[in-house]
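What follows is each chain in one-letter form.
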Amino acid sequence: MKEVAEDALMRALHEEHAAALWSYALYLTSGDRIRAEDVVQETLLRAWRSGDVLDQSQGSARAWLFTVARRIAIDGWRSASARSEVVTAAPPERAVADGTDRAVQGWLVAEALGELSVRHREVLVLCYFQGYSVADAAVRLGVAEGTVKSRTHYALRALRLVLEEKGVTQ
Amino acid sequence: MTVNDPFITYDAAYVLGALSPEERADYEKHLRDCDACASAVRELAGMPGLLAQVDPPVSGFPQAGQPPQELLPDVLRRVRRGRRLRNAITATSAGVAVAACVALGVVAALPAPTSPPAPPSTAMTLLGQFPVQAAARLVQEDWGTQVDMSCSYDAGETRESHEGRDYVLVVVGRDGTVANLATWLALPSNTARIVVGTTMKPADIQALEIRSTKGTPLLRLSLS
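Chains as they are written, first to last, in the numbering used here: chain P, 971 to 1140; chain U, 8 to 231.
Simulated from the structure, these hints should not be mistaken for lab results. Keep in mind that the hints are not guaranteed to be accurate.
Said to hold, decoys possible - Chain U is faced by these chain P residues, among others (derived, beta-carbon under 10 Å): (1) Asp-977; (2) His-984; (3) Leu-991; (4) Arg-1003; (5) Ala-1073; (6) Leu-1083; (7) Phe-1099; (8) Val-1109; (9) Leu-1111; (10) Leu-1129.
Stated by the list, open to error - The following residues of chain P were derived to be distant from chain U, with all beta-carbon distances above 10 Å: (11) Thr-999; (12) Asp-1002; (13) Arg-1005; (14) Leu-1014; (15) Gln-1075; (16) Arg-1089; (17) Arg-1110; (18) Gly-1112; (19) Val-1113; (20) Lys-1119; (21) Thr-1122; (22) Glu-1135.
Source: prediction; values computed, not measured. We put the CB at the ideal spot given by N, CA and C, even for glycine.
Here chain U stands alone, though its shape is the one from the complex:
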């Protein structure tokens, strides 16, 4: 390829298949003798394959648009919400909710370690007027699912406020099976955090429930 090589700009039209048959033949003949042009074609040879992955443009190619103005404030709020929950858990005194642990569960009713930061949990839905609230998250693991639940009990000024209550965390499978993951004694104005494993995969879990020891569901987190 010399400075005046008439074929110097043919490479792209060639790989795109836009040359006329005559030009194509001339260019291919030229490529046999011109290393520079041959190397230029090799550089571009993969481009049609990449272009082929694009849906033919209907309404033009994407231009980066401006996302809604409320996006950043919204997402920062969600960051802070997750952080507040973690802080609340960390601040909770230890030993409040030492649980009677069942079969495959391992209960760690301890203040959260400072790291790594846990993803925000999802609030469980109250199924009636109960003085309790909870949030949980599920993380898929190789062996099944890790459930991370925090539950706080606030009986206010009622006569029950000085008593604790027994709660059970159960997992409901999509096939209808119900397994107890943990039971614990919830004390007023405290938050229990329970990290427990189940061999069920997240996809097999329909819901988590917190029940009374009599079996009344108090809170539920549906997974679909």
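Excised from the complex, chain P in its bound form:
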């Protein structure tokens, strides 16, 4: 009975978080799929050991997992190395909003941008990351300036909602 429950916990963790962890691990390992899989496996195992990750809201669970994955990647963790066993399974800090783990928070914001519609994302990329004015973005996109304003208006609110779901607050 217990074995089934333990398998079920790991399956649930995988179902819920593996895809997001995979993207992050690929980023952390600069696209090294072998290392990325190691990072994801080890992260899922630690989550499984600590047990209560699934009880957290989806947002804070994601931040927890990303924090663990990042540490594993940075520690140069290698498959089946002893070092991973030295680290305790204690959950890291759950809050990411205090700036203690900016890198993880930055990733969560990037991920949130990735979840927006193409139109919302492109207008934010132009107007924020590439520094376009509303007028320049309108030319670039072939739409009216008023359309750029209303798209940024809705896009930033959509982003804010996604971030709240991920537990990222300002």
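The hints should help you fit chain U onto chain P, whose structure is shown.
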């Protein structure tokens, strides 16, 4: 802000810094009189700070990709491996490996309690042809490190199979120090589990070794 407020959608472009200087001036003048727009700006005021934490996208933003298909089976195998080890330890009869405990160690050579589940251990590396295998894990504690080791001895059908053997668990520090953590008598076909503490921090530990009483290293777990 009325339904026809021409400034109703300016808030985001404003906080992103994308308005032209003229529009910006007009909007800021409007904000002094329009609570709704001012409140809309306050809602979005933190967003540029969050966006600033993102590395400028080079190849687009992450889209959740499909992890490799073998990921789930692999990780389930690791879950089961850890479980088997725990079961083996729990099934071992008590009192097999009551140890002579040294100085700072506390030895609990008992079947594992049923909870909490211990993380899987790492197999120690055999340093020769010895009829023994062991696995250990280290857990950092406030006071140092807890070492949790299980060791089984299987002499097979040799003439030694009815004798026990004395083993020593030692910790080797990065500074070269060697400390005995525990000694025990290993009996054939049984598993000893030893939980022992050391004041050394995990980072200061280079290796764990199981040695014979003559000092010959039999198994080793390197920590780097």
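The hints, checked one at a time:
1. At a threshold of 10 Å, the smallest CB-CB gap from Asp-977/P to chain U is about 6 Å, leaving the interface hint in force.
2. Because the closest C-beta pair between His-984/P and chain U is about 5 Å apart, less than 10 Å, the hint holds.
3. Against a cut-off of 10 Å between C-beta atoms, the interface hint on Leu-991/P holds, since the closest Cβ of chain U lies about 7 Å away.
4. Because the beta carbon of Arg-1003/P sits about 7 Å from the nearest beta carbon in chain U, less than 10 Å, this interface hint is met.
5. Hint status for Ala-1073/P relative to chain U: holds, with the closest Cβ pair at about 8 Å, below 10 Å.
6. Among the interface hints, the one on Leu-1083/P holds; its C-beta lies about 5 Å from the nearest C-beta in chain U, closer than the 10 Å criterion.
7. Because the beta carbon of Phe-1099/P sits about 5 Å from the nearest beta carbon in chain U, less than 10 Å, this interface hint is met.
8. Because the smallest distance between the Cβ of Val-1109/P and any Cβ of chain U comes to about 13 Å, over 10 Å, the interface hint for this residue is violated.
9. For Leu-1111/P, the interface hint is violated, the least distance from its beta-carbon to any beta-carbon of chain U being 13 Å, above 10 Å.
10. Using the Cβ-Cβ criterion of 10 Å, the hint placing Leu-1129/P at the interface with chain U is satisfied: the shortest such distance is roughly 7 Å.
11. For Thr-999/P, the requirement that its beta carbon stay farther than 10 Å from each beta carbon of chain U is met, with the minimum near 13 Å.
12. A cut-off of 10 Å between C-beta atoms confirms that Asp-1002/P is not in contact with chain U; the least separation is 13 Å.
13. At roughly 12 Å, the least C-beta separation between Arg-1005/P and chain U is larger than 10 Å, which holds for a residue marked as non-interface.
14. With a least beta-carbon separation of about 5 Å from chain U, Leu-1014/P fails to lie farther than 10 Å from that chain, contradicting its non-interface assignment.
15. Residue-level check failed: Gln-1075/P sits 6 Å from the nearest beta carbon of chain U, not beyond 10 Å.
16. Residue-level check passed: Arg-1089/P sits 14 Å from the nearest beta carbon of chain U, beyond 10 Å.
17. Every Cβ of chain U is farther than 10 Å from the Cβ of Arg-1110/P; the closest lies at roughly 12 Å, confirming the non-interface assignment.
18. Remark: the non-interface label on Gly-1112/P is consistent with the geometry, its nearest Cβ contact in chain U lying 17 Å away (cut-off 10 Å).
19. Here Val-1113/P stays apart from chain U, with its beta-carbon at least about 13 Å from theirs, past the 10 Å limit.
20. The non-interface label for Lys-1119/P is inconsistent with chain U: the shortest C-beta to C-beta separation is roughly 4 Å, within 10 Å.
21. Separation of Thr-1122/P from chain U is inadequate, the least Cβ-Cβ distance of about 4 Å not exceeding the 10 Å criterion.
22. No Cβ of chain U comes within 10 Å of the Cβ of Glu-1135/P; the nearest lies about 14 Å off, and the non-interface call holds.
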